[in-house]
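Q: Sequence:
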Amino acid sequence: MKRLENKVAVIYGNGKVGTALAKAFASQGAKVFLTGRTIKKLDVVNGQNIETAQLDALDEKAVEKHMIEVIKKVGKIDISFNVIGLPQTGIQGIPLTELSVEGFSLPITTYTNSHFITTKAAARRMITQGSGVILMHVPNASRLSPPFVGGMVPAWSSIEGLCRSLSVEFGQKGLRSVCLLTTGIPETPLIDEVWEIHGKAHGISFDEFHAMMEGGTHRKRLTTLKELTDAAVFVASDEGSAITGTTLNLTAGMIVD
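Quick note on numbering that gives the first Met the number 0: the sequence shown kicks off at 0 and runs consecutively.
None of these hints come from the bench; they were simulated from the model. One or more hints might be untrue.
To be verified - Pairs of lysine to aspartate or glutamate residues, derived as EDC-like cross-links and limited to a Cα-Cα distance of at most 16 Å, are as follows: (1) Lys15 - Glu186; (2) Lys40 - Asp55; (3) Lys119 - Glu168; (4) Lys225 - Glu168; (5) Lys72 - Glu59; (6) Lys72 - Glu50; (7) Lys219 - Glu238; (8) Lys39 - Asp58; (9) Lys22 - Asp229; (10) Lys75 - Glu4; (11) Lys75 - Glu63; (12) Lys39 - Glu50; (13) Lys1 - Asp237; (14) Lys15 - Glu238; (15) Lys40 - Glu50; (16) Lys22 - Glu50; (17) Lys22 - Glu226; (18) Lys15 - Asp206; (19) Lys119 - Asp191; (20) Lys71 - Glu50; (21) Lys15 - Glu207; (22) Lys1 - Asp191; (23) Lys219 - Asp206; (24) Lys15 - Glu59; (25) Lys22 - Glu4; (26) Lys15 - Glu168; (27) Lys119 - Glu59; (28) Lys1 - Asp229; (29) Lys119 - Asp58.
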């Protein structure tokens, strides 16, 4: 039997990470509802046990409406995972003393509001069902607090805090919440943008910054997209039933707990 057989997953964000998660969950038997704002990207993965819908994860009414449609169609939700992204130009690579209030607060409001909206929609159903897992994802910078990341560290920290709070409040009602902590993932276009920004901010090339990031891990290699999706499948499965209210460290030694 596949690890996610007969489970229902809703994923918010149809970028490289969201699409990879949708395919991984579907390959393990889950019925997946993938949402995002870009129709062309959604059309590519529609089918093969994956249904897609155009959706802004910051629109509470739209998120709730979509969740109602999912429940009507399949009767439950077992997994919720918000992996929306935000372009980082004008947010990272700028000293805090030179960053605008808007540039600092944008990632905080975007990520915290979006995660709260999608989490609330899923949690209410999971509490009623008596089961379900809400997954989240943050990079190593949420713990290391490197320079020139602006409001991203507070944004990522709030996601980890929400994960813990959910488990504390609703763990006894069958809801699990787990945050997956990785390095930057080289396969994702957003990391190309971020590496370029930080290379310039540090006065080094893209390749030099990438090598510096790899050098910070014990194995001298960053977390891959497959390593993230494999971990997500395990945590979302019944085999991960004891994991809740915590952050799973997938940083390859960059952060030592």
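Q: Take the hints in turn and mark each one as holding or not.
A: Against the structure, the hints come out as follows:
1. In summary, the hint linking Lys15 to Glu186 is supported, as the alpha carbons are separated by about 8 Å, within the 16 Å threshold.
2. Distance restraint check for Lys40 and Asp55: the Cα-Cα separation of roughly 14 Å lies within the 16 Å cut-off, and the hinted pair is therefore satisfied.
3. A hinted pair counts as satisfied when its Cα atoms are at most 16 Å apart, and Lys119 with Glu168 qualifies at roughly 12 Å.
4. Using a Cα cut-off of 16 Å, the hinted pair Lys225 and Glu168 is violated, with the two alpha carbons roughly 31 Å apart.
5. At most 16 Å may separate the alpha-carbon atoms for a hinted pair to count; Lys72 and Glu59 exceed this at roughly 20 Å.
6. With a C-alpha separation of about 11 Å, the suggested pair Lys72 and Glu50 falls inside the 16 Å cut-off, and the hint holds.
7. With a CA separation close to 29 Å, the supplied pair Lys219 and Glu238 exceeds the 16 Å bound.
8. Among the hinted pairs, Lys39 with Asp58 is inconsistent with the structure: their alpha-carbon atoms are about 20 Å apart, more than 16 Å.
9. Between Lys22 and Asp229 the CA atoms are separated by roughly 11 Å; this keeps the pair inside 16 Å, and the hint holds.
10. The suggested pairing of Lys75 with Glu4 holds, with an alpha-carbon distance near 14 Å, which does not exceed 16 Å.
11. Proximity of Lys75 to Glu63 is assessed by CA-CA distance (about 14 Å); at most 16 Å being required, the pair is judged to hold.
12. Restraint check for Lys39 and Glu50: the C-alpha separation of about 14 Å stays at or below 16 Å, so the hint holds.
13. Distance restraint check for Lys1 and Asp237: the Cα-Cα separation of roughly 11 Å lies within the 16 Å cut-off, and the hinted pair is therefore satisfied.
14. For the proposed pair Lys15 and Glu238, the alpha carbon gap of about 26 Å is over 16 Å, so the pair is violated.
15. For a cut-off of 16 Å, the pair hint linking Lys40 to Glu50 stands: about 12 Å separates their Cα positions.
16. Between Lys22 and Glu50, the direct Cα distance comes to roughly 11 Å. Compliance with the 16 Å bound is thereby established for this hinted pair.
17. At roughly 14 Å between alpha-carbon atoms, Lys22 and Glu226 fall within 16 Å of each other, so this suggested pair holds.
18. A hinted pair counts as satisfied when its Cα atoms are at most 16 Å apart, and Lys15 with Asp206 does not qualify at roughly 21 Å.
19. In summary, the hint linking Lys119 to Asp191 is not supported, as the alpha carbons are separated by about 32 Å, beyond the 16 Å threshold.
20. With a C-alpha separation of about 14 Å, the suggested pairing of Lys71 with Glu50 holds against the 16 Å cut-off.
21. At most 16 Å may separate the alpha-carbon atoms for a hinted pair to count; Lys15 and Glu207 exceed this at roughly 24 Å.
22. Distance check on the hinted pair: Lys1 and Asp191 sit about 34 Å apart at the alpha-carbon level, beyond 16 Å; violated.
23. For the hint linking Lys219 to Asp206, the alpha-carbon distance of about 14 Å falls within 16 Å, and the restraint holds.
24. Between Lys15 and Glu59 the alpha-carbon distance is near 24 Å, which puts this suggested pair outside the 16 Å criterion.
25. Distance check on the hinted pair: Lys22 and Glu4 sit about 14 Å apart at the alpha-carbon level, within 16 Å; holds.
26. Pair hint Lys15 plus Glu168 does not hold up; C-alpha atoms about 32 Å apart against a cutoff of 16 Å.
27. Note on Lys119 and Glu59: the hinted pairing holds, with a Cα-Cα distance of about 10 Å set against a maximum of 16 Å.
28. With a C-alpha separation of about 13 Å, the suggested pair Lys1 and Asp229 falls inside the 16 Å cut-off, and the hint holds.
29. Taking the CA atoms of Lys119 and Asp58, the gap is about 13 Å. The hint holds against a cut of 16 Å.
In the structure shown, a violation is registered for the earlier hints numbered 4, 5, 7, 8, 14, 18, 19, 21, 22, 24, 26, in ascending order.
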